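Novice: The chain contents come next:
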Amino acid sequence: MAKRIDVSDLNVYYGDFKAVEGVSMTVEPRSVTAFIGPSGCGKSTFLRTLNRMHEVTPGGRVEGKVMLDDQDLYAPSMDPVHVRRTVGMVFQRPNPFPTMSIFDNVAAGLRLNGVKSRSTLEGIVEKSLRGANLWNEVKDRLNKPGAGLSGGQQQRLCIARAIAVQPQVLLMDEPCSALDPISTLAIEELIIRLKSEYTIVIVTHNMQQAARVSDRTAFFNIKATGEPGRLIELDDTAKIFNNPSMKATEDYISGRFG
Amino acid sequence: MSTTSLPTPTGQPTESRAAGRSGRAGDRLFSGATTISGIIVIGIVTLIGVFLIAQAIPALLRNNANFLTSREWSPGGDHPRFGILEFLWTTVTSSLIAMALAVPVGVGVALFITQYAPRWLRRPAANLVDLLAAVPSIVYGLWGLLTFRAVIRPFEQFLQQKFGWFPLFAPTPISGGTIFFIGIVLAIMILPIVTALSREVFDQTPAAHKEGALALGATHWEMIRTSVLPFGKPGVISASMLALGRALGETIAVTFLVSALAGGTPWTWSLFNGGETFASKIANNAAEFSNPNKTGAYIAAGLVLFVLTFVVNSIARVVIERRKAFSE
Numbered sequence: 001m002a003k004r005i006d007v008s009d010l011n012v013y014y015g016d017f018k019a020v021e022g023v024s025m026t027v028e029p030r031s032v033t034a035f036i037g038p039s040g041c042g043k044s045t046f047l048r049t050l051n052r053m054h055e056v057t058p059g060g061r062v063e064g065k066v067m068l069d070d071q072d073l074y075a076p077s078m079d080p081v082h083v084r085r086t087v088g089m090v091f092q093r094p095n096p097f098p099t100m101s102i103f104d105n106v107a108a109g110l111r112l113n114g115v116k117s118r119s120t121l122e123g124i125v126e127k128s129l130r131g132a133n134l135w136n137e138v139k140d141r142l143n144k145p146g147a148g149l150s151g152g153q154q155q156r157l158c159i160a161r162a163i164a165v166q167p168q169v170l171l172m173d174e175p176c177s178a179l180d181p182i183s184t185l186a187i188e189e190l191i192i193r194l195k196s197e198y199t200i201v202i203v204t205h206n207m208q209q210a211a212r213v214s215d216r217t218a219f220f221n222i223k224a225t226g227e228p229g230r231l232i233e234l235d236d237t238a239k240i241f242n243n244p245s246m247k248a249t250e251d252y253i254s255g256r257f258g
Numbered sequence: 001m002s003t004t005s006l007p008t009p010t011g012q013p014t015e016s017r018a019a020g021r022s023g024r025a026g027d028r029l030f031s032g033a034t035t036i037s038g039i040i041v042i043g044i045v046t047l048i049g050v051f052l053i054a055q056a057i058p059a060l061l062r063n064n065a066n067f068l069t070s071r072e073w074s075p076g077g078d079h080p081r082f083g084i085l086e087f088l089w090t091t092v093t094s095s096l097i098a099m100a101l102a103v104p105v106g107v108g109v110a111l112f113i114t115q116y117a118p119r120w121l122r123r124p125a126a127n128l129v130d131l132l133a134a135v136p137s138i139v140y141g142l143w144g145l146l147t148f149r150a151v152i153r154p155f156e157q158f159l160q161q162k163f164g165w166f167p168l169f170a171p172t173p174i175s176g177g178t179i180f181f182i183g184i185v186l187a188i189m190i191l192p193i194v195t196a197l198s199r200e201v202f203d204q205t206p207a208a209h210k211e212g213a214l215a216l217g218a219t220h221w222e223m224i225r226t227s228v229l230p231f232g233k234p235g236v237i238s239a240s241m242l243a244l245g246r247a248l249g250e251t252i253a254v255t256f257l258v259s260a261l262a263g264g265t266p267w268t269w270s271l272f273n274g275g276e277t278f279a280s281k282i283a284n285n286a287a288e289f290s291n292p293n294k295t296g297a298y299i300a301a302g303l304v305l306f307v308l309t310f311v312v313n314s315i316a317r318v319v320i321e322r323r324k325a326f327s328e
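So the sequences go chain by chain: S and L.
Its first residue numbered 1, the first sequence is counted upward by one per residue in full-length UniProt numbering.
Its first residue numbered 1, the second sequence is counted upward by one per residue in full-length UniProt numbering.
Chain L on its own, in the form it takes in the complex (with noise of 0.2 Å):
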């Protein structure tokens, strides 16, 4: 290069100070744009918990009853006496199950899809996954409802016979919308999530972390074990939170599917009894919401709903974040 090039006090560097300049605006624009984005989100989820919290607080200081730790559930008249805890054992315990299920099964799929399947089954497979993602909720509730309800009964009903002596498995007189049954169909609505985010992060592996487990003579498996697994790891764990997210907050389906409970029924434990969850709770109930008082105990129990989502959320990140200096 000649000297002309070199910065002097006339030539070319004002040219590329204003070239720099016009970069600046972008970078500008740009960055605005972005962090307003990011308000307005953080902003809108702010403004969600602060609507729940300013609508529930009426409600809760006339309650009557803990409302953490009753079951009862009369939010009207001039006594409302109601608590949350039965919905909130429905919701969990039903979430969990789902999860219980779609976890491993999605796990397997998406290794299946990724490191096993041959390469023409590949993508027909993951489509076909995906395409359960796309079934509308509803469907899903009238498929349990009018099908595999009755498919799983004698299996309730086994496991009542055999098993009754663990709490858990304890018999009820309920039949069809079990507390075991939500939670197998809300396994197959959360399987798709699972599955094609695992897919995603597994594709993702390096070549060179496979290799270089196969280059130690490790099998097929003990590559995945060594090198897939550990670096999907992360990914596994959000995909599961997600479907975790979706399983607590399902409606339709669910509403569509439970067993409620008559009042007064006596405590079991067992994921045999019916029960709603506060989605199916709220949603079967929005007639009611005909005075700030009744509204407020429903918006009360969304509440817990949202801050329930909110911890899994949390959980999921501090454990990603705890992993991350071994999987840079």
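Pulled out of the complex, with its shape left as it was, chain S reads as follows (with noise of 0.2 Å):
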């Protein structure tokens, strides 16, 4: 199911603002990849593009090339729809629906692909909710409000929904940074269970977070205000927290950043 995902030269755009410049990396199937960085290095930027939720903001645009497997995500006859359903996204904010129950939130992928059977229906959403670890602390109250869990069942809750579709790739844009440390918690051994069937790429402001789940991790940094965000170094998890190759990583890894 896990696909890889290859960038080569990616430039993104706001209108005429360059907020990304000169990407290029490989992510591995299987594999919890996590990207770092100051605020507004332009790492969010990047991630929203590998799923083309980047075109949601009005000018938003890019230049160059996003290959999933064999498939050029910015190919003319790409359906942006369809690369979404391939490529889940969990985001910042738990964001379940929030007038559909919680049954329906996960089932709402699957509603959109056409799938109306209710027994069918009810095994993937049992198979998700327990996926995303929150099978027993809701199956009773499936058809409750989304909104009434807390937050951290609600960002698995989301978790949820983004896997009952089966995407070859999970984005989560810092899934845990509205989230206290036992929901952080939770979802840290999710992603780890996880990535035995997805490709995830993960944002995060926690360098731990990123040292506790990920296999490799890729620094991105920004020279000033203005300037596009660029990726330094992508290396094993590893290698990046205790012998990175670039200066810029070292310092901002050892918190001499300035």
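Derived by calculation from the structure, the hints in this document are not laboratory data.
Bear in mind the structure is a predicted one, so any value in this text is a computation, not a measurement.
Glycine included, C-beta positions come from ideal geometry on N, C-alpha and C.
A few of these clues could be false.
Unchecked claim - Some, not all, of what chain S presents toward chain L, calculated at C-beta under 8 Å:
no., residue
1, Asn51
2, Arg85
3, Met89
4, Phe91
5, Asn95
6, Phe97
7, Ala108
8, Gly109
9, Leu112
10, Gly114
11, Val115
12, Lys116
13, Gln166
Stated by the list, open to error - Computed footprint of chain S on chain L; a stretch qualifies when at least three of its residues, placed anywhere within it, have a C-beta under 8 Å from a C-beta of chain S:
no., stretch
14, 216-224
15, 241-252
Two chains, each in its own frame: build the complex with the hints.
Specialist: Listed below in structure tokens is the structure:
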């Protein structure tokens, strides 16, 4: 199921503003890749180009190439809707659909794909909620609103919603930054479990988190405000945190960033 | 922080208590002012109700016909006979026709402006629709009478010819101010209310909800269906109810346009019949408020309209409340 992502020489623009410049990287299937870097360095922007969510922002566009195995995500014939069904996303703030029940939230993506059979839906909803480690907490109240759950539960509900459509890749944009430490731990355990099935890319501000969950880490940086963000280096997480090749990475990791 | 900033019996605490006290004075003033405003509003509504009931009761007691089910209207004389059935029918059906047309169109316009229109068009389009609300209702009355009636007429005839077997479309001798026609003019009048309020709520749909839907692979329309419409639903309901209230009570344009029925005209369900609404009946007969009994009959009719709008608003409240758990 999981696929490899191959990015070559990608520039991201918002209108005339160049937000990210010249990123090339490969993300291995069935692994967790973490993006770290200071605020405004373009890591979230870059993440959003991996499922074309940046196009939701007016003026958002890219130059360059993103391949998902042998599919070109930016081929003229490629429908962004199709891209997003293949590359799922979990956001910084948990965003379950407030008017929908827990069940309907998880089933939402399936229904968009035209799955109507109640028994099929029930099967996949249960599997997804189990996959997101939420089943035992919500199985007795599937018809209650999703907004009634705690923040951590809501985020796991969003993960269940994302994996219910069986994407090839799961993008996570600071999924724990709005959560308490215990919920964060639950999500991190979940990420480690999910990587056996999915290619996972996670943006995080928390370097310990990157060290805990990721196999490989990418460090992004920005020279000055108004300059585009760049990928400084991408390597095994252990190497990035113990013996990075670039001085900028070492400065950031060791807190001597300025 | 040093220990000197800790509360002691002598130092800072006294000062902060003093600051607190002046803050409470402001609080008291403000809560007092808002409480009074609230009481005034409730008081006014209650007084209007009391006024209507007090004025209506003597006339109702002298009424020789059933007030709710009679179609007669002769409130004068020693044996007054009057009932509101015809006004109730005309008022409610014309307003429902207006709603049936204006709500889907208004929601559609609001969706277009907020979700589909190019950015440069949004403000002008919104302003243009708002401008419709600023047109005085007398202008709608004149326009309806002089221009629009001739436009609608062939369509009415078509419906009567082709679908006359259906009771609501049964042919009638009335031409011009039919319930159907009034409904369409009312629809145009309430369209800006529905549009403006729906636009406002659709605009406030959190980006997180929209992105949540898009990230699942929703198309633009599917995104609207899963995030914008559910989020805007309570707002659309309140907009519709406000608009319905306006349609039920609209006076000048309707007074201008209705074809009043002669006494004794046989009952028909047809939308192509004439008839008066509560508001137009009262307005048309303001000259008849010559003695308390006659006046009382009209006030009783007004009371029914008052109750009607009250019920409509209450229903809207209940609908919105019931969805609250799901729209936090």
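Novice: Which of the listed hints are broken here?
Specialist: 10, 11, 12, 13, 15
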